[in-house]
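Undergrad: Whenever a hint applies, use it, and build me the whole structure from the sequences.
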Amino acid sequence: MTDALAIRKEQKRKKPTFARQDAHKERRIARTGYRRPKGRQSKMRLAKKGYRRTPSQGYRSPVAARGLDRKGLIPVTLSTREALKALDPKREGAVIARTVGDRRREELLLYAKELGITVLNLDVERTLQELAQAFKDRKQAKEKKTLEQQAKKAEQKAKQEAEKAKQRTEPAKVPEEAAGDKASEAKKREEAEKQKILTKKV
1 MTDALAIRKE QKRKKPTFAR QDAHKERRIA RTGYRRPKGR QSKMRLAKKG
51 YRRTPSQGYR SPVAARGLDR KGLIPVTLST REALKALDPK REGAVIARTV
101 GDRRREELLL YAKELGITVL NLDVERTLQE LAQAFKDRKQ AKEKKTLEQQ
151 AKKAEQKAKQ EAEKAKQRTE PAKVPEEAAG DKASEAKKRE EAEKQKILTK
201 KV
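Its first residue numbered 1, the sequence shown is counted upward by one per residue in our numbering.
Just so you know, the hints here were simulated from the structure itself, not pulled from any lab data. Check before you lean on any hint, since a few could be wrong.
What the hints assert, rightly or not - Calculated pairs, DSS-like style, for lysine-lysine (alpha carbon to alpha carbon, straight line, at most 30 Å):
id: 1; residue 1: Lys-71; residue 2: Lys-90
id: 2; residue 1: Lys-48; residue 2: Lys-9
id: 3; residue 1: Lys-153; residue 2: Lys-164
What the hints assert, rightly or not - Listed next, with one range per pair, are the computed distances between beta-carbon atoms:
id: 4; residue 1: Ala-158; residue 2: Phe-135; range: 33 to 39 Å
id: 5; residue 1: Lys-157; residue 2: Glu-185; range: 41 to 47 Å
id: 6; residue 1: Arg-28; residue 2: Asp-123; range: 32 to 38 Å
id: 7; residue 1: Leu-115; residue 2: Ser-42; range: 49 to 55 Å
id: 8; residue 1: Phe-135; residue 2: Arg-45; range: 54 to 60 Å
id: 9; residue 1: Phe-135; residue 2: Ala-64; range: 38 to 44 Å
id: 10; residue 1: Ala-64; residue 2: Asp-102; range: 20 to 26 Å
id: 11; residue 1: Pro-62; residue 2: Leu-131; range: 36 to 42 Å
id: 12; residue 1: Leu-115; residue 2: Val-63; range: 26 to 32 Å
id: 13; residue 1: Arg-81; residue 2: Lys-49; range: 41 to 47 Å
id: 14; residue 1: Lys-14; residue 2: Tyr-51; range: 15 to 21 Å
id: 15; residue 1: Arg-53; residue 2: Leu-115; range: 41 to 47 Å
id: 16; residue 1: Asp-102; residue 2: Arg-13; range: 55 to 61 Å
Since the structure is predicted, the reported quantities are computational estimates derived from the model, not experimental observations. We put the CB at the ideal spot given by N, CA and C, even for glycine.
TA: Okay, here's the thing in C-alpha coordinates:
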(Lines of atoms letter the chains of each structure in order from A and count residues from 1; the text may use other names and numbers.)
(Lines give C-alpha, C1' and ligand atoms only; values in the text may rest on other atoms or scores of the structure.)
Protein backbone atom coordinates (compact mmCIF):
# COMPACT_ATOMS: atom_id res chain seq x y z
CA MET A 1 0.00 0.00 0.00
CA THR A 2 2.75 2.46 0.96
CA ASP A 3 4.61 1.61 -2.28
CA ALA A 4 1.46 2.28 -4.34
CA LEU A 5 0.94 5.63 -2.57
CA ALA A 6 4.58 6.61 -3.17
CA ILE A 7 4.28 5.68 -6.87
CA ARG A 8 1.05 7.68 -7.17
CA LYS A 9 2.69 10.69 -5.53
CA GLU A 10 5.60 10.57 -7.98
CA GLN A 11 3.22 10.15 -10.94
CA LYS A 12 1.13 13.14 -9.86
CA ARG A 13 4.29 15.24 -9.61
CA LYS A 14 5.02 14.56 -13.29
CA LYS A 15 1.40 14.59 -14.44
CA PRO A 16 0.55 17.61 -16.67
CA THR A 17 -2.47 19.85 -16.16
CA PHE A 18 -4.97 18.92 -18.85
CA ALA A 19 -6.53 21.96 -20.49
CA ARG A 20 -8.72 22.64 -23.50
CA GLN A 21 -7.24 23.36 -26.90
CA ASP A 22 -6.27 27.07 -27.30
CA ALA A 23 -6.87 27.67 -23.56
CA HIS A 24 -3.78 29.90 -23.55
CA LYS A 25 -5.39 32.16 -26.16
CA GLU A 26 -8.82 32.83 -24.65
CA ARG A 27 -9.65 33.22 -20.97
CA ARG A 28 -13.23 32.04 -21.55
CA ILE A 29 -11.99 28.72 -22.90
CA ALA A 30 -9.51 28.31 -20.04
CA ARG A 31 -12.32 28.59 -17.48
CA THR A 32 -14.36 25.70 -18.95
CA GLY A 33 -11.88 22.96 -17.98
CA TYR A 34 -10.81 20.10 -20.23
CA ARG A 35 -12.70 19.13 -23.40
CA ARG A 36 -11.59 16.45 -25.84
CA PRO A 37 -10.35 17.98 -29.13
CA LYS A 38 -12.61 17.00 -32.06
CA GLY A 39 -11.20 19.02 -34.95
CA ARG A 40 -10.28 17.07 -38.09
CA GLN A 41 -6.90 18.79 -38.36
CA SER A 42 -6.41 19.33 -34.61
CA LYS A 43 -2.73 18.74 -33.79
CA MET A 44 -3.67 18.17 -30.17
CA ARG A 45 -6.06 15.34 -31.18
CA LEU A 46 -3.35 13.84 -33.36
CA ALA A 47 -0.91 14.03 -30.39
CA LYS A 48 1.69 15.98 -32.37
CA LYS A 49 4.93 16.91 -30.65
CA GLY A 50 4.90 20.36 -28.99
CA TYR A 51 1.12 20.41 -28.43
CA ARG A 52 -0.89 19.91 -25.27
CA ARG A 53 -1.17 16.42 -23.80
CA THR A 54 -4.52 14.64 -23.59
CA PRO A 55 -5.64 12.24 -20.82
CA SER A 56 -4.78 8.60 -21.41
CA GLN A 57 -4.51 5.29 -19.52
CA GLY A 58 -0.82 5.83 -18.83
CA TYR A 59 -1.56 8.67 -16.39
CA ARG A 60 -3.77 6.51 -14.13
CA SER A 61 -2.79 5.84 -10.52
CA PRO A 62 -1.89 2.31 -9.36
CA VAL A 63 -4.99 0.17 -8.74
CA ALA A 64 -4.12 -0.30 -5.05
CA ALA A 65 -3.99 3.48 -4.46
CA ARG A 66 -7.07 4.55 -6.42
CA GLY A 67 -9.72 6.41 -4.43
CA LEU A 68 -7.54 6.65 -1.33
CA ASP A 69 -6.42 9.65 0.68
CA ARG A 70 -2.73 10.63 0.99
CA LYS A 71 -2.61 8.62 4.22
CA GLY A 72 -4.07 5.57 2.45
CA LEU A 73 -7.56 5.90 3.99
CA ILE A 74 -10.88 5.54 2.19
CA PRO A 75 -12.77 8.89 2.50
CA VAL A 76 -16.34 8.51 3.79
CA THR A 77 -18.66 11.54 3.78
CA LEU A 78 -20.93 11.59 6.83
CA SER A 79 -23.15 13.84 8.93
CA THR A 80 -24.28 11.70 11.90
CA ARG A 81 -22.77 10.10 15.00
CA GLU A 82 -24.02 6.66 13.91
CA ALA A 83 -22.15 6.86 10.59
CA LEU A 84 -19.03 8.03 12.44
CA LYS A 85 -19.26 5.15 14.91
CA ALA A 86 -19.56 2.64 12.03
CA LEU A 87 -16.18 3.66 10.51
CA ASP A 88 -13.08 1.49 10.72
CA PRO A 89 -10.31 3.85 11.98
CA LYS A 90 -7.55 1.76 10.34
CA ARG A 91 -9.07 1.72 6.84
CA GLU A 92 -11.46 4.69 6.61
CA GLY A 93 -11.30 8.44 7.20
CA ALA A 94 -14.19 10.80 7.96
CA VAL A 95 -15.19 13.68 5.70
CA ILE A 96 -17.66 15.96 7.52
CA ALA A 97 -20.41 17.03 5.09
CA ARG A 98 -20.56 20.75 4.29
CA THR A 99 -24.32 20.80 5.00
CA VAL A 100 -23.71 20.11 8.71
CA GLY A 101 -24.26 23.08 11.06
CA ASP A 102 -21.73 24.44 13.54
CA ARG A 103 -23.19 22.70 16.62
CA ARG A 104 -23.35 19.32 14.90
CA ARG A 105 -19.88 19.82 13.41
CA GLU A 106 -18.42 20.47 16.86
CA GLU A 107 -20.21 17.40 18.22
CA LEU A 108 -18.91 15.17 15.40
CA LEU A 109 -15.33 16.44 15.73
CA LEU A 110 -15.30 15.78 19.48
CA TYR A 111 -16.75 12.30 18.92
CA ALA A 112 -14.19 11.53 16.18
CA LYS A 113 -11.41 12.66 18.51
CA GLU A 114 -12.79 10.38 21.22
CA LEU A 115 -12.96 7.37 18.86
CA GLY A 116 -9.54 8.08 17.32
CA ILE A 117 -10.94 8.53 13.79
CA THR A 118 -9.02 10.69 11.30
CA VAL A 119 -10.97 13.64 9.88
CA LEU A 120 -9.68 14.23 6.35
CA ASN A 121 -11.23 17.57 5.40
CA LEU A 122 -10.73 19.54 8.64
CA ASP A 123 -7.99 20.35 11.14
CA VAL A 124 -9.75 19.10 14.29
CA GLU A 125 -8.00 21.23 16.94
CA ARG A 126 -8.07 24.47 14.95
CA THR A 127 -11.70 24.00 13.91
CA LEU A 128 -12.78 23.31 17.50
CA GLN A 129 -11.03 26.50 18.67
CA GLU A 130 -12.66 28.56 15.90
CA LEU A 131 -16.10 27.13 16.68
CA ALA A 132 -15.69 27.80 20.42
CA GLN A 133 -14.72 31.42 19.69
CA ALA A 134 -17.64 31.81 17.26
CA PHE A 135 -20.11 30.47 19.86
CA LYS A 136 -18.66 32.82 22.49
CA ASP A 137 -18.95 35.87 20.19
CA ARG A 138 -22.49 34.88 19.23
CA LYS A 139 -23.52 34.55 22.89
CA GLN A 140 -22.01 37.94 23.78
CA ALA A 141 -23.79 39.60 20.83
CA LYS A 142 -27.10 38.02 21.89
CA GLU A 143 -26.67 39.16 25.51
CA LYS A 144 -25.80 42.68 24.36
CA LYS A 145 -28.88 42.80 22.13
CA THR A 146 -31.09 41.57 24.99
CA LEU A 147 -29.72 44.23 27.36
CA GLU A 148 -30.29 46.95 24.74
CA GLN A 149 -33.88 45.80 24.21
CA GLN A 150 -34.54 45.74 27.98
CA ALA A 151 -33.06 49.24 28.40
CA LYS A 152 -35.20 50.52 25.51
CA LYS A 153 -38.36 49.00 27.01
CA ALA A 154 -37.56 50.48 30.45
CA GLU A 155 -36.99 53.91 28.88
CA GLN A 156 -40.30 53.76 26.99
CA LYS A 157 -42.14 52.65 30.14
CA ALA A 158 -40.62 55.50 32.21
CA LYS A 159 -41.57 57.98 29.48
CA GLN A 160 -45.18 56.75 29.42
CA GLU A 161 -45.45 56.91 33.22
CA ALA A 162 -44.06 60.48 33.23
CA GLU A 163 -46.64 61.53 30.62
CA LYS A 164 -49.47 59.97 32.67
CA ALA A 165 -48.29 61.72 35.86
CA LYS A 166 -48.11 65.04 33.99
CA GLN A 167 -51.67 64.60 32.71
CA ARG A 168 -52.92 63.91 36.27
CA THR A 169 -51.26 67.00 37.85
CA GLU A 170 -51.94 69.64 35.15
CA PRO A 171 -55.51 71.09 34.77
CA ALA A 172 -57.23 70.68 31.48
CA LYS A 173 -56.21 73.54 29.22
CA VAL A 174 -58.78 75.21 26.98
CA PRO A 175 -57.61 75.31 23.41
CA GLU A 176 -56.84 78.76 21.97
CA GLU A 177 -59.43 78.45 19.23
CA ALA A 178 -62.20 77.60 21.73
CA ALA A 179 -61.21 80.59 23.92
CA GLY A 180 -61.30 82.89 20.86
CA ASP A 181 -64.77 81.59 19.88
CA LYS A 182 -66.12 82.28 23.39
CA ALA A 183 -64.72 85.86 23.34
CA SER A 184 -66.31 86.58 19.95
CA GLU A 185 -69.70 85.22 21.16
CA ALA A 186 -69.58 87.47 24.27
CA LYS A 187 -68.78 90.47 22.05
CA LYS A 188 -71.72 89.67 19.77
CA ARG A 189 -74.06 89.48 22.77
CA GLU A 190 -72.91 92.92 24.01
CA GLU A 191 -73.49 94.45 20.59
CA ALA A 192 -76.95 92.89 20.42
CA GLU A 193 -77.83 94.37 23.84
CA LYS A 194 -76.64 97.81 22.71
CA GLN A 195 -78.78 97.60 19.56
CA LYS A 196 -81.86 96.71 21.64
CA ILE A 197 -81.32 99.71 23.93
CA LEU A 198 -80.87 102.07 20.95
CA THR A 199 -83.99 100.83 19.19
CA LYS A 200 -86.08 101.26 22.39
CA LYS A 201 -84.95 104.88 22.77
CA VAL A 202 -85.92 105.67 19.22
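Undergrad: Are the hints correct? Go through all of them and say.
TA: To see whether the hints hold, each was checked on the structure:
| no. | hint | verdict |
| --- | --- | --- |
| 1 | Lys-71 / Lys-90 | holds (10 Å) |
| 2 | Lys-48 / Lys-9 | holds (27 Å) |
| 3 | Lys-153 / Lys-164 | holds (17 Å) |
| 4 | Ala-158 / Phe-135: 33 to 39 Å | holds (35 Å) |
| 5 | Lys-157 / Glu-185: 41 to 47 Å | holds (44 Å) |
| 6 | Arg-28 / Asp-123: 32 to 38 Å | holds (36 Å) |
| 7 | Leu-115 / Ser-42: 49 to 55 Å | holds (53 Å) |
| 8 | Phe-135 / Arg-45: 54 to 60 Å | holds (56 Å) |
| 9 | Phe-135 / Ala-64: 38 to 44 Å | holds (43 Å) |
| 10 | Ala-64 / Asp-102: 20 to 26 Å | violated (38 Å) |
| 11 | Pro-62 / Leu-131: 36 to 42 Å | holds (38 Å) |
| 12 | Leu-115 / Val-63: 26 to 32 Å | holds (30 Å) |
| 13 | Arg-81 / Lys-49: 41 to 47 Å | violated (56 Å) |
| 14 | Lys-14 / Tyr-51: 15 to 21 Å | holds (18 Å) |
| 15 | Arg-53 / Leu-115: 41 to 47 Å | holds (44 Å) |
| 16 | Asp-102 / Arg-13: 55 to 61 Å | violated (37 Å) |
Hint check: violations occur at hints 10, 13, 16; the rest are consistent with the structure.
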